[in-house]
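Starting from the two chains in their separate frames, assemble the complex, guided by the hints.
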Amino acid sequence: MWSGKWHFCFVQAHLFHDSLKRRHRMEKKLKKKVSRRDFLKVTGAAGAAITLEQFLKAPYVRAAGKPPILIGNIEPLSGPYADSGRDEFQGAKLANDEYNRKGGVLGREIKMISEDAPSNPGIGVQKAKKLVERDKVDFLSGTLTSSVTIAISDYAWNQKVLFMAFGSHSDDTTMEKSHRTTFRTTIQNWALSTACATWIAKNWNVRKVYHITADYTWGHTGRNSMNRIIVKKFGGVELGNDFTPLGTTDFSAQLLKARGLKPDCLIVNCYGGDQVNCVKQFKEFGLDKEMKLAGPLSGTPMMKGIGTAAAGAWGMSWHGTIDTPGSKKLYAALMKAFQTYSEWRPSYRHYLGYITHTQLFEAIKRAGTTDMIPVIKALEGHKFDGLKWNPNTWRAFDHQNIQDVLVGLAKRDENWKSEDDYFEIPDHLKGEEAFPTYEEWKANGGHELEPYDMLKKA
Amino acid sequence: MFLEGACSFDKEGRSLFPWRFVMHVNLTFSVIVTQLVNGFALGMLFTLMAVGLTIILGLMRVINFTHGILYTLGAYTVITLQKFLGFWPMLAIAPACVGLLGIAIEASMIRPIYKRDPLHTLLLTFGVALVLEDVIRLIWGDVPYPMTSPQILSGVVNLGVAYFSKYRIFVIVFTSVLLFGVWYFLERSQLGKTILAGTFDREMVVTLGIKIDLLFTLVFGIGAGLAAIAGVLASPIRGVFPPMGTDIIMPSFVVVIIGGMGSFWGAVIGGLLVGIVKSFTVEIYSPMADVIVFFLLAIVLLIRPRGISGIEGLLE
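Here the protein sequences come in this chain order: H and R. Following my numbering, the numbering of the first sequence begins with 1 at its first residue and continues without gaps. Following my numbering, the numbering of the second sequence begins with 459 at its first residue and continues without gaps.
Chain R on its own, in the form it takes in the complex (with noise of 0.2 Å):
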């Protein structure tokens, strides 16, 4: 691909390669930070996708393919109910009702074939997410709705340097305290606690007398709690259309893997390592942007298999 831009040339005779870009590439010092920061703000909702994906994985061994779908679920709650309740209540009930989805779909579907071959619930979970997507263009159609940011939120704010969206920065801070949020639970109280165990070590949490069925349950209703909430902060800024879970679960996944799987901190550096590669690339040589992310994987596999931070056995 590469030697074929640099060769060949348009009517005009130039070169399809831009190569007046690569020799002068425009990084001054405010597009480096604007640039930095976008990426932020991108990685945050791969992060907050990779997160929940990660914790199902490390605990539960289930690929889980619905998480695209529950992230579109959480963007239709916000544009249905919001004419209602506005914006901000949504980034509590948008998750509820997705978690309890979540739940439902777990103890109904994913809890009888724990026991088989992790290949079945990858299966299963990807038929339950072709079929709930299509059971949103039934309800809602096709056509994709627009949203807009609150009212607060819409504008931009100095950063010194440059001006930056209002919204995306309040994406960055919101998603940081409810990441902390989530790793403080997980670190400090003792349910958190059995559920890290329980990825380090199944059958030992299960010797100790902890009903492992319930906490799966529960990590899965968290994991589709943090995907509706993913979605709804997405929903200003891409839109929401029945397809949008499938163009955010393949980096999500690049993202769990490059991390190493069913690890927290491996989610959150992967995240945000893909937004920061993805904005740069843009910035660099463009038509690379939507590649960089499997070149990034790719090198992070050779160096590490196991992604940053993987946990030695899981899925081997």
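The shape of chain H in the complex, shown without the other chains (with noise of 0.2 Å):
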């Protein structure tokens, strides 16, 4: 609150003041003009630098005269979020490059404009504005934290732009504020926490829960689906439930209430830095030694942060030692365009980014056009190689990636041998079990998608 831009301006305007004074005392003592020769002098050598820069800039698809398709990327860069947010964007750069090397998407180059948005839904929302406003981009993608995809997906359903969300989880997304603008890759928690409230409840017999909930949407979803599988399906109980703001750094009271009320399983539905805290704390306290530990999501960012404390049950959406064909190609594209150090590994945020913005640029190479509603038509009920085991599915009636589901199993033990064992991946679920159907995405305030002639612009 005390690094708000108000009190920077304040700040500001305070040493302007001073400075304003200092200047003019100066200004007295330096009577010296400049010449206008001097000043051609200058401005010349700066428009040569400008325009040599464009030249070198010059993008190595020379499409004859089309303009480029213009893709506003808006991912958080910083807090948090920063290290998933960053993979998001080397997965979407990745594909934009091959197709760029391969002449583009309908002989047009493909440009991504980023902006940084840290979880804050307001931010989002600003910079989703300017690049649709002033930069006049096609389509939106990107984003993470759930809260700030919901405001971007509602502000793109007003301004009829496609928008295509990487990864929100939150169920809400595709659900209660579904909009037909709006398409999600990654998993919703609905089908993260079947896969691994299911796993654990058969392989652990888990019954007794305790949840640690990031407070806003994502983290809600995420402890009502677990429950959903823990407590209704399987007649188990949750003993408590913390809510802790995004941004949490100490959870030991938390955890310590936790321990006094022994429960079966610690259900951690947090994620970023919050994750890493919780999980380095569980495991700081000694309660690995008293109960499991579970989460609808975590991923390699996570785990790095984790290190030896690296422990429990996670859903996950993909994984860098899925031996797919597929797979396996994406992950070698991937070492070979990022690798700066050694321990440097791709995680699924390079993935869902990757096939987000390859999906897009088939739909539009085969409406043939970027003219939204072709695009979003062409999207609906396709089937592809999500690079997984089963095929991937767009579906029609809430927009959401139909696909395998990952549980993963976190370790850093003995046995650890590379920086890709973080996870071991001791089942996969397939997507038609695992999310909702349409009766069960209805009776759970699944919102119907706009009809088609809403979208033609006024």
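Because the hints were derived from the structure by calculation, they are not lab data. Where is the CB? At the ideal position from N, CA and C, for every residue including glycine. Please note that the accuracy of each hint is not assured.
To give an idea of the interface, some chain H residues facing chain R are shown, with a C-beta separation under 7 Å as derived from the structure [to be verified]:
1) N277
2) E284
3) M291
Straight-line alpha carbon distances no greater than 25 Å define the calculated BS3-like cross-link-like pairs of lysine-lysine that follow [to be verified]:
4) H/K377 - H/K442
5) H/K160 - H/K129
6) R/K624 - H/K262
7) H/K289 - R/K624
8) H/K93 - H/K411
9) H/K111 - H/K93
10) R/K541 - H/K304
11) R/K624 - H/K292
12) R/K669 - H/K411
13) R/K651 - H/K411
14) H/K304 - H/K336
15) R/K541 - H/K417
16) R/K624 - H/K304
In structure tokens:
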């Protein structure tokens, strides 16, 4: 609250006032004028430099006179989710580069304009506005935090812009808050939890659970989805829940409270830096000897931060060790493009960015245009190879990408060999079994997508 | 907020207000002991921050907003130098480096504007904190760095009734010793006595011929060093990221005000009180955990307007 921009402006104004006084005094001392010749020299040089820069930056696709396809990408590149945001950006960039190398899409170059929106819906919408209204982008993509995604999704619907959401896992994104103009690539909490909770209930016999939940839409739907399986389906009980604000660094009191209630399993509905701290402290207080750990979602970026304290069963979208040919190829491409140091490994966020952009480009190709309605129609119901075991589908009634859901066991013990070993994948659930059916979707507040004629711009 | 929570229901028709937890609070003996110890560990970090703030405030009348960023810099010193030197030397190196930086900030920026309104130094330090945070982002990047506690302190220790984190016990012990050292220095050494005298009556100290400017610089350096040690101690628990200072500066100021501005023991008692109250609020009714500190502040101010042991006449 103390780094707000108004405080900053206040300080700035204060300093500016002083500097004006000082400058006035200085100007009295130095009464030297700039000659016309000097002025021309400087502006000439600057002009030449700018033209040269434009020339050097010339794209490697020389589409004859055709304007590029502009994609506005919004990711949290700072704050607790910065790691994952950067990964999604890189995945999307890999897809762009691949298509540009092949001559672009419909002969047009792909150009991505990137914006940083740390997990704050207000800033997210501000950035989306800038991309749509000033940069005039054709499509919006990206975002990670569900609250930001939903805010941008609403904005995109109002502006009638197609928004390809990579990484929001909240159920609301394709249920209560779904829009005709939004597609969501990643797996919703419902499906992640179905896979994870079913696995822990069957294999670990978990019945009594305690939740630590990030206090925003993603965390809330994560907790509800876990309870749907553990409490309703397996007849378990929720012993308690603590909501923690996004960006919480110390979970000690919550963990001690959980220990006092003796659950079978602690469920961590937190992501990013919050998850890192929570799991580290879980181990720090020795809770790993007293109970199991699970959560709807994790991935390599978090477990790297958690390091030797890695533990728990988690729902996952993709992992580097999936042995299908498509995944192996993507893994190799990512390693080649982005590996900067020896421990670096691709994460499922790369996968999300890559899949979404390639799918969008393929849809544009099938539609033969970048107009929104044909592109949406090309995506809806389309079946494609999602690089996992079974084919993926863009479901028509909620715009969710139906796919295999992975269960990952996090570990870093004596059997740990490589940087990809943070997760062992003991099982995966077929998309049709994990995601809500139309009836379940409807019963849980699924919002029917708007009819096509509402898409025509006024 | 309370009423709204009590009267609203979720989809399954349960009250959003967890009545069952109010009715059967799980306060067993082992829970009470562990939450108490945990509150101590939490409070110790606040105390360490607040002691630095309060001696700077007491002697110099400077509301030092750079304190949070000095804490952050302490943590960043660890992640930068730990690879070469290990964790333990950091407890000395980080406060030395950050202390010197504090001295530089004081001598170059704060000293010229002492004579002005305290609001001016507040604005200046606030600006410096914003600039330094962006400098950190430039050098180390936005991405959080994970940290682990040293091998010898990882794991748990048996408290008799329950297991507790070894590292946090170390934090409590180390901070207690350090605080005792600071207290001993202030109370027993000639220099410390002069500093305390300056806190009570600055004009008199100047009249007696003591160079108060040098004293100010020294005190600012000590405060910065304490903030850096807090940063070092917090890094394995909380991770290291650029805005980490913002998370701790507000509770630290609250501790200073609860304890009473300028008072050493006030800061210690205030810090421990905040930590313990926070810990138990999570146990009893967790949605209140972030607000309770401010309730505590309001209650203390209503009963004792100068805080628990505030000095008369400071910033009044």
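Status of the hints after comparison with the structure:
1. N277: This interface hint holds because 6 Å falls under the 7 Å limit.
2. E284: holds (5 Å)
3. M291: Hint on H/M291: violated, closest Cβ of chain R at ~13 Å, above 7 Å.
4. H/K377 - H/K442: holds (22 Å)
5. H/K160 - H/K129: holds (12 Å)
6. R/K624 - H/K262: holds (21 Å)
7. H/K289 - R/K624: holds (15 Å)
8. H/K93 - H/K411: Between H/K93 and H/K411 the Cα gap is close to 30 Å, so the pair fails against 25 Å, i.e. violated.
9. H/K111 - H/K93: Roughly 9 Å separates the two Cα atoms, so the pair holds.
10. R/K541 - H/K304: holds (17 Å)
11. R/K624 - H/K292: holds (21 Å)
12. R/K669 - H/K411: violated (60 Å)
13. R/K651 - H/K411: Measuring from Cα to Cα gives roughly 55 Å; hence the hint is violated.
14. H/K304 - H/K336: Cα-Cα ~20 Å, so holds.
15. R/K541 - H/K417: holds (22 Å)
16. R/K624 - H/K304: Roughly 23 Å separates the two Cα atoms, so the pair holds.
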